[in-house]
Amino acid sequence: MMTGGDVQVVSRIRRAGLLTALFGAVVFLAFSLGLAAPPAPCGPARSGCIACHTERSMLEPLVQPFPALPAEGEG
Amino acid sequence: MPPSGAPYERKLVSPAFLTSTHGQLGCTTCHAGQPETLDPKAAHRGLIARPSAQPEAACGGCHGEITSRFTRSLHFTARGMENGLRALVGTVRWAQTRHAFRGACQSCHATCGDCHVSRPPYRPQPPTVLGGVLDGHRFVKSPPTEVTCGGCHSGRVAAEFTGAYEGFPADVHFTKAQMTCTSCHTAAQLHGDGSAPANRRAVRTKPSCLDCHPTAAPGASRLRAHNIHGDKLACAVCHGGPVKSCFGCHAGEGATSRPTLKIGRNTDPNIKHVYTLMRHVPTTPDMIDRLTGLSDTLVNVDRVPTWKPATPHTIQRVTARSRTCDACHNNPNLFLRLGDLDPRGSQANGRVVTAPPRPLPPTTR
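Going down the list, the protein sequences come from chains A and B. Just so we're aligned, residue 10 is where the first sequence starts under our numbering, counting upward by one. Just so we're aligned, residue 1129 is where the second sequence starts under our numbering, counting upward by one.
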């Protein structure tokens, strides 16, 4: 049978657990929303630019063939 | 010759760049644009293709000292071309010509990224199309000169230096010493020294033959010819090979070129010698009319010689001129004379012609 002291200890443990869970949730949300990401607007790890510019399959159909060379005496 | 690499490689960013210092900045820090969309058209709205065209903004934050010098350099300002054109156009017409200069001539100016990140769009000799990023967008501290320097200066200098032109011997510094552009043209010269020189000849950090060959200085040489002629003749007069001269340019139409080897009189105060090898430049009064909409825009064509001191990149240790006195003293064809001039050309060419030296008596040959 729990004494009054035991009840107090359990209550403290529960409170600490709740606070930890709350803190974890806040951190998780911050990362999910990008609030904890680096301040650069286009960080390499999550840039839309990089999604295309590092992938041959994305670039190949989009990049134009080489331009024609100028004729002798031009340029 | 096929272009090097597949077209898509011009735009391909390597994973190594993403972890580099510059890569950590993120794309839009320099290039702006719309990174939140994957639609190519929408993503490139507001894109800054050449961020270092504004070097103070793009590079100056971290590289302030060098950026400050570079923004005054000829590579960035194209001031040498501007001053040359202004002299030909005159003060009055400059206001009507400036836009043509900015749209055409000045578009050749180089930014930081043009050498350290990108490749020039093409090089005619050999005809290889390049363009795009150099090395997966990695910032290259010492760019490959055959690509970056050669990509812009291949019309004449790089091709002469490497012997790519038929009839031009490659430069001895290239064939024997495997030297590249930056062996002589140091970073201090290419980036500028903070001054604002009027043209390339006025650059204080430009290379001099005596930098590496001090024992060839007149008065200090064991060779008699150096001591006799070194004060008056540029080294190239005896050691230069033929140079590429161009004639009759109409901003892209009707230009021709051929190798020439002519000794003329120097009129440029930035060159200390009296005589030097000459090169013909293809200036005609109507050369940029198509760009300005004016008629005979270059009204001062007769005030500026079209035969100019050459800076041959076809240097040879031994030439016929360095071997015998006769090669010059009994060879009047080597000298730029009135008969060599096109009567329809610039009247100022009369200032750079020279009389051949008197033939030497047989005992002194």
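FYI, nobody ran anything at the bench for these hints, they're computed from the structure. The structure displayed is predicted, hence computed values, not measured ones. Note that CB positions come from ideal geometry on N, CA and C, so glycine has one too. Incorrect hints may appear among the rest.
What the hints assert, rightly or not - Distance ranges between label pairs, derived from CB positions:
1. Thr1147/B x Leu71/A: 16 to 26 Å
2. Glu1137/B x Arg24/A: 52 to 62 Å
3. Gln1224/B x Leu71/A: 39 to 49 Å
Right, here's what the structure says about each hint:
no.	hint	in the structure
1	Thr1147/B x Leu71/A: 16 to 26 Å	25 Å, holds
2	Glu1137/B x Arg24/A: 52 to 62 Å	60 Å, holds
3	Gln1224/B x Leu71/A: 39 to 49 Å	41 Å, holds
The structure agrees with every numbered hint stated previously.
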